[in-house]
Every structure is written in C-alpha cells, then in structure tokens.
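A.B. asks: So the chains spell out like this:
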Amino acid sequence: MMKLNVINPVNVRILTFIVALIFIVILPWWLSTLMLLGLVIYFPLYFEVLFFGFIFDMLYVTEIIFPYTALTATFVVLLAVYFIKTQIRI
Amino acid sequence: MKMRYHLKSKPDKSGRNKIIFVSVLFIILSLAGFLFPNALRTISFAIARPLWSARLSLTDSLINIKDYFIFQNILILRNKELENELASLKLKEIDYGILTLQNQELKNLLGRTDFLANFIISRVLSKPPYSSYDTLIIDIGLSDGVSKGDKVYLSDNIIIGTVKNSTPRSSQVELFSSGNSKVEAVLSRTGETLELLGQGGANFKVEVPKDMDIVLGDMFVYPSISPAALGSVYYIYVNSQSSFKTIYLRIPGNIFSSKYIFVESQKQ
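Chains as they are written, first to last, in the working numbering: chain A, 1 to 90; chain B, 1001 to 1268.
None of these hints come from the bench; they were simulated from the model. Where a beta carbon is used, it is the ideal one built from N, C-alpha and C, also for glycine. Certain hints may be false.
Cβ pair distances, simulated, as ranges [claimed, not checked]:
(1) A:K85 <-> B:D1213: 57 to 65 angstroms
(2) A:T72 <-> B:D1213: 39 to 47 angstroms
(3) B:F1036 <-> A:F17: 20 to 28 angstroms
Given these sequences and hints, build the entire structure.
C.D. replies: Here you go:
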C-alpha cells in the first residue's frame, strides 16, 4: 500500500508559504520582518521570501520604482544569510 | 602504488547554481513589477483584502470582549462623563453649524461654488504599524468613483493625504507625513506659506528663521478655497548657535486609531 508522506520538505515549504503569507498581511510590518528573518535562517535558501518582499512592495509602496525597497532588502538578506550559513557549518 | 592522500574533491557547483537561481528570480520579479504594476497590484490586493477584513472583524470582536469584564461603578462614572461631554459637544455642534452655514453663504456671494465636496466614507483596511511607509489601504476604489489624486480627510476639516493608486475595490493612500514627502501649508494665524517635510508617523518638520512668528499650538492649513487643517505645532527646537529654528508639527486627531476616513472624489 502506498503511504502518503505529508511531512516531506516540499509540503512543509508550501504550508509555511501559505501561513507566512497570511501573517505578512495581518501582522504589523516589523513582526512580519522578524518572522521572515526567522524563516530565512531556519530553511536552507528560503527563496520564497522574495515573493513576500514583492507582495509587500505591491501592497504598500505607492510608487513602484526600482530598486523596490522590500524586494531588494529580502534579496540582500537572503544572500547574506546564505553566505554566512555556508561559512559556519554546524 | 597505493594513494596515501585524499583526492581533491570536485568544486561544489550547487551553491553557485542556487545564487544564480535566486538572482534570476529577483530579476524576474523586478521586471514583472516594472512591466505590469497595476495588474500585479490588483492581484495582491485581491489576495490581501479578505485577510484584512478578517483581521478587522477579529480585532473588533476581541476589543469588545474586554468590555464585559468592567466593574459597574466604573461604567456608571464613565457614562456620566460621556453625558457631560456630549452636552458640551452638542452646543459646539450648533455653533459649528451656524459658522459652516455662514461660510457657505459667503462663498456663494463670492461666486465660489466649487467647494461643495463629494465625500465618500471608507473603511481603513490597513494602516501603520501594519502597513509601512505611512500608507493606508482603504476599501473603496475605482468602482466607487475614487481616482488617483483624490484628497483624503480624517474628518470634515482635517486633511491627511492623497490617493496614490486605485484598484477596482481598494485604494492606497499616501499620508502627507510620509518620510521626506513635501507639502505646502499656510500658517493660519499669519498667512505665511511654508513647505512642510514629512517625518513619518503623522509628523512634519520645517526649518524657519529664528525670528519668525510661530508659537506652540499654531495651526497649519492646506491651501485651498476650503482650508483644511494639516498640522499643529507641538514642539519648537531652538539652537543658540543656529540662525534657524526647527518646528515640529503633528496631524490633529489620531490617524492610527481611526476606522473610517473620507475621500473627496473629483468625479461628480
């Protein structure tokens, strides 16, 4: 009989994406930022954070001009955390 | 012969590939935002709107719950205070009605009828600290007659910002006080025009010569045929070594606790 593996990494990331999306919209921006930072540190290369930065810009920035503040910030933080993680392997 | 040393491992390309993937994703999102800003904004608002509404109804009900646990004597005391306040406000309302009527009659005599504003009430879906950048999201949009550039008021006579973007059912309002934005204002007591610099959080500042006549509590108004209050002076910083003084202003009323605001629609 085939077993359905619900707790595989892909499902976890999809669930996390949905929950994080809800929290980003309903939480104060600084709490959302802390939550996203936690996710970026916890998951290996949490690229979904770019989508959250993008949505944040679309919702709250009045004039969309490059560089988009939240999107660029998430990109920089994602790369910075990735580099630090590769340097300090625990 | 046996090798007594480890083979040099192949260079790990997966790390580089990951960085390339993230960079490409960043570029794609940036381009998408540049090419289809309105469509993507509409989609984002469509996703967020039900969540904002759910949060508002949830917080409203949670706030009401704590009212069930208040002592009766506190409620009686508060009720009396509110009754007194209501009585004094009713008197003020009569005065205000008379003055408004007089003001309209004077403007009619002068032939200015364009002051009759078309106000639309709207619910605030998101406001600081939930949203950043000093923006408000409101629940009316293009389908309700709201368009870019419409003025936004906290009450009949307090102006707070303008509509910056509209989707069919929501709009984005930028406060005049948002960081580094500039707005012209008239000091109502002396009639001098100054440019206020937004400081975020409903605050402004302006630098003026030290000898300029500005005192605490002075009101700045938005220049128009029906002037609306923009900010009142709450602090003046004077440095003995400078020939300027810095004036700090705040929008009268609390934007961040108000549930409803008014949009002056340009469409008739």
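A.B. asks: Run every hint past the structure and note whether it holds.
C.D. replies: Hint check results:
no., hint, in the structure
1, A:K85 <-> B:D1213: 57 to 65 angstroms, "60 angstroms, holds"
2, A:T72 <-> B:D1213: 39 to 47 angstroms, "45 angstroms, holds"
3, B:F1036 <-> A:F17: 20 to 28 angstroms, "22 angstroms, holds"
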